[in-house]
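**Student:** Input sequences plus hints: build the corresponding full structure.
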Amino acid sequence: MIELRNISKTYARSGTKAVDSLTLRIPDGVIYGFLGPNGAGKTTTIRIMTGAIAADTGSVLIDGIDLDKNPIDAKRRFGLVPDTPDMFSRLRAYEYLNFVADVYRVPSAERASAIEKLAARFELSDVLKSPIGSMSRGMRMKLNLIASLIPAPHNWILDEPIVGLDPHSAFALKELMRKHAAAGGTVFFSTHVMEVAERLCDELAIINRGKLIFTGNLEALRELRESRGAKAGTGEANAPAAEASEESLEALFLALVEDSEEPMP
Amino acid sequence: MSERTMSPFMALLVINLKSVFSFHVPDKKELASPRALLKTFGWIVLAIFLLADFGALFAMMDIGIYDALEPLGMQSLMLLYATVTSSVLVFLFAFITALSLFSSAQYEALFLTMPFKPTSLLIGRMATVYAIEAPMAFLVMGIASAVYGIKGHPRLDFYFYMLFNALAMPLAPLAISYAVLVPLMSASRWLRRKNALLYIGGFVGLAIALGFNYYLQTMLARVKDPALLQKMFVQNQLNIAKLADWWPPAWLTMQAIIKSSALAAIAATLANLGLGVALAAAVAFLFGRKYARILASFGETHAVKGRLNQVQIGSLFRAHPVFFSLVQRELRLMNREPVYLLNGPFVILLLPVIFALTFIAQGDEMRNAVAQIRPYLTGPAEYLIPAGLGIFLATATSIACTAFSRDAKSLSFLKSLPLKPHHIIAAKLAHALIFAVLGIALGTVGGAIMLRTDALDTIVALLLSIFGALALNMAGLVLDTFWPRLSWENPMSALKRNPNAMIAILGSMGLIAGLGALAASLPSAKYTFAVLYGTAFVAACVSLGLLLFRAGPKKLRQMEP
Numbered sequence: 001m002i003e004l005r006n007i008s009k010t011y012a013r014s015g016t017k018a019v020d021s022l023t024l025r026i027p028d029g030v031i032y033g034f035l036g037p038n039g040a041g042k043t044t045t046i047r048i049m050t051g052a053i054a055a056d057t058g059s060v061l062i063d064g065i066d067l068d069k070n071p072i073d074a075k076r077r078f079g080l081v082p083d084t085p086d087m088f089s090r091l092r093a094y095e096y097l098n099f100v101a102d103v104y105r106v107p108s109a110e111r112a113s114a115i116e117k118l119a120a121r122f123e124l125s126d127v128l129k130s131p132i133g134s135m136s137r138g139m140r141m142k143l144n145l146i147a148s149l150i151p152a153p154h155n156w157i158l159d160e161p162i163v164g165l166d167p168h169s170a171f172a173l174k175e176l177m178r179k180h181a182a183a184g185g186t187v188f189f190s191t192h193v194m195e196v197a198e199r200l201c202d203e204l205a206i207i208n209r210g211k212l213i214f215t216g217n218l219e220a221l222r223e224l225r226e227s228r229g230a231k232a233g234t235g236e237a238n239a240p241a242a243e244a245s246e247e248s249l250e251a252l253f254l255a256l257v258e259d260s261e262e263p264m265p
Numbered sequence: 001m002s003e004r005t006m007s008p009f010m011a012l013l014v015i016n017l018k019s020v021f022s023f024h025v026p027d028k029k030e031l032a033s034p035r036a037l038l039k040t041f042g043w044i045v046l047a048i049f050l051l052a053d054f055g056a057l058f059a060m061m062d063i064g065i066y067d068a069l070e071p072l073g074m075q076s077l078m079l080l081y082a083t084v085t086s087s088v089l090v091f092l093f094a095f096i097t098a099l100s101l102f103s104s105a106q107y108e109a110l111f112l113t114m115p116f117k118p119t120s121l122l123i124g125r126m127a128t129v130y131a132i133e134a135p136m137a138f139l140v141m142g143i144a145s146a147v148y149g150i151k152g153h154p155r156l157d158f159y160f161y162m163l164f165n166a167l168a169m170p171l172a173p174l175a176i177s178y179a180v181l182v183p184l185m186s187a188s189r190w191l192r193r194k195n196a197l198l199y200i201g202g203f204v205g206l207a208i209a210l211g212f213n214y215y216l217q218t219m220l221a222r223v224k225d226p227a228l229l230q231k232m233f234v235q236n237q238l239n240i241a242k243l244a245d246w247w248p249p250a251w252l253t254m255q256a257i258i259k260s261s262a263l264a265a266i267a268a269t270l271a272n273l274g275l276g277v278a279l280a281a282a283v284a285f286l287f288g289r290k291y292a293r294i295l296a297s298f299g300e301t302h303a304v305k306g307r308l309n310q311v312q313i314g315s316l317f318r319a320h321p322v323f324f325s326l327v328q329r330e331l332r333l334m335n336r337e338p339v340y341l342l343n344g345p346f347v348i349l350l351l352p353v354i355f356a357l358t359f360i361a362q363g364d365e366m367r368n369a370v371a372q373i374r375p376y377l378t379g380p381a382e383y384l385i386p387a388g389l390g391i392f393l394a395t396a397t398s399i400a401c402t403a404f405s406r407d408a409k410s411l412s413f414l415k416s417l418p419l420k421p422h423h424i425i426a427a428k429l430a431h432a433l434i435f436a437v438l439g440i441a442l443g444t445v446g447g448a449i450m451l452r453t454d455a456l457d458t459i460v461a462l463l464l465s466i467f468g469a470l471a472l473n474m475a476g477l478v479l480d481t482f483w484p485r486l487s488w489e490n491p492m493s494a495l496k497r498n499p500n501a502m503i504a505i506l507g508s509m510g511l512i513a514g515l516g517a518l519a520a521s522l523p524s525a526k527y528t529f530a531v532l533y534g535t536a537f538v539a540a541c542v543s544l545g546l547l548l549f550r551a552g553p554k555k556l557r558q559m560e561p
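Protein chains in written order, with my numbering: chain L, 1 to 265; chain X, 1 to 561.
Hints listed in this document are in silico derivations from the structure and should not be mistaken for laboratory results. Even for Gly, the Cβ is constructed at its ideal location relative to N, Cα and C. Check the hints yourself; a few may be wrong.
[Stated by the list, open to error] Across the chosen pairs, the derived CB separations fall in these ranges:
| # | chain 1 | residue 1 | chain 2 | residue 2 | range |
| --- | --- | --- | --- | --- | --- |
| 1 | L | D86 | X | W483 | 23 to 29 Å |
| 2 | L | R13 | X | K29 | 15 to 21 Å |
| 3 | L | T84 | X | A371 | 57 to 63 Å |
| 4 | X | A36 | L | R222 | 49 to 55 Å |
| 5 | X | A513 | L | R13 | 32 to 38 Å |
| 6 | X | A281 | L | G164 | 31 to 37 Å |
| 7 | L | P107 | X | H422 | 20 to 26 Å |
| 8 | L | P107 | X | E489 | 51 to 57 Å |
| 9 | L | T84 | X | H24 | 25 to 31 Å |
| 10 | X | H422 | L | S8 | 24 to 30 Å |
| 11 | L | D86 | X | F49 | 18 to 24 Å |
| 12 | L | E250 | X | V204 | 52 to 58 Å |
| 13 | L | R199 | X | L110 | 34 to 40 Å |
| 14 | X | L38 | L | E116 | 55 to 61 Å |
[To be verified] Some chain L residues well away from chain X (every beta-carbon gap over 10 Å; in silico):
| # | residue |
| --- | --- |
| 15 | D20 |
| 16 | R25 |
| 17 | G29 |
| 18 | G39 |
| 19 | G64 |
| 20 | N98 |
| 21 | P107 |
| 22 | S108 |
| 23 | M177 |
| 24 | A182 |
| 25 | L256 |
**Tutor:** Following this line, the structure appears as structure tokens:
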């Protein structure tokens, strides 16, 4: 379980308030989607949540452990897939995986077994000795996915994980996410693609300009759509159900974002 | 109303130049900030210093040669010498620049998708190289013109011929460089890799820099002896003339300068310009398509494929202690990045080589200098000089003072891992100290051998250099922990253009010189300074250690890459 309590962050250099009084509770056993347009504050939130940067106010609890007060124990409780798979391009794939496994103190036999299975699943078994710099973006993303799962974390945090993945790997990732949640773990992932969130998430949060503009499950989002549709009298009820649902959820996402950008009266 | 736009080819030239000379001229508003003002002032001072430094060296040589040859009536040989020197320097410069610019071929490949002819792309690139090498020809020829003008009072048209021949001089080397490099790059996939080019360019560049250093040292030693210069020029006169005869741009330049007929001089100058332009155009037309194909295939990578068997998996994926793994990561990331390796750890080997070359080039003069100062190498100097050499080499790698800056791209991820901040800091310090040991071995032990220091003084020097190097590396790491440069696009910015590296190198040089001067000026018992400086270094290590491992972790948590 991950909890964010009243998190705020203003970047000193630009003076931009990237995250504004954000409170979230991500329970165990669910896939939690974190949505927002580009620059909404998703990556900043994840960087705060994982200890990469410090929040100005508020606290982060990972399985009840305060990230600020007990960072090592808290960080042991999650695995992170960062949004930029370009780091460590001078290392070979197996060197990078070994480094991560060493940091999480994964014994030799366990890491070898985990890497073998995950590499086979993401079709990276043949390139483990390759320099990361010679890999495509998608391959690097898959390598980061494998690295994040080596320590078998309870909480799995993924920043835009679908970007750059081929359909086969995207399917394998979604399967793994479902399996992880079904086993009682937490999956928290960011995306700006509504369709992915809709097909995958049990719960979701939408953020814009650093502020939370929606939180709840898909049912609540659909209810919100229907109530708005009824108010606006769009007559969408006549459209084929699946198509209408797909189109209007995306439209609702855009409407929510637009509403949040309207200046205060 | 029609809007005036730049032609596509001009736009290509401008973007090529801007991408190489990434100068930013600050406007009035920006200059209102004291930091921007100081930075601009620093750049101007550096440019003036570099220009004055090289200008003074060439002026000293030209004046020495002119004065030595004037009594023999052979002073015009100074111009021949400057022409040949300029030709050789421009040739080397053009080759290494053309080679280095291939390393940005991956970005240049974007132009292939735009409506440019392959020939235009090559001409655009050649124009960039010309813009880089032409100032070198102007500097050497300009100084020779000024010296000859002041001393020999030639006709006014002399300056005109010198100027236009200096303009022509870089063209032929440029054309030949591309005529060699394009087929070579086209034939070898290995060469079409950024890493390979960075290493080759780095080593060839170093070799040229060392060769240039050797040449300058040799000439400066000879310039001080007019009789030697006269002998050298009289004996080598034919060889210099042969070299000028063999290289048409140099021959045409000399014809333009020495011909008494204005018509012949103008014809030689035009022929020189025409030859250069024709060669460059011929290369562009002949190799344009090949050049475009190089751009298209540059940096093609292929993953090393091969399924691992159980035994290989077992041997590759073995657990190590976290600290070992952190230090190993530091070593791999630095040693595998050509820019970091060549400007970091490699400096430990490079500086002694430069020193050895200076010693060889200035042979007798250096031996005399050492013999002259030997009587003064008594007392503290006997151990302080080897210690100073060791400390300098041990801190010249810039490893500690750029440790967090180099890690900027992976710092977010690193901070998300369950790592104790002081382990990260300690690993970075250990990385710097591994190479510091090599620096001490070469500097202190090598220095002691060269100065024939006795065993006791060598041990004292070793102890001082160990604590001194530790203190200065810690100071460098403190600098980069508290003021890291985390915003950059090119790894070069994290090391070569990092103010922390400059501060650390100049700081250590200043400190070593200051402590040496203090020991030389204060009369005291021989080992007083060993105790004094040793205590100061240990105290500095303790203080910096406390700062680094107490305040450093907090600073690391606050870092926002």
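**Student:** Does the structure break any of the earlier hints, and which numbers would those be?
**Tutor:** As far as the earlier hints go, 6, 8, 11, 20, 21 and 22 are violated by this structure, in ascending order.
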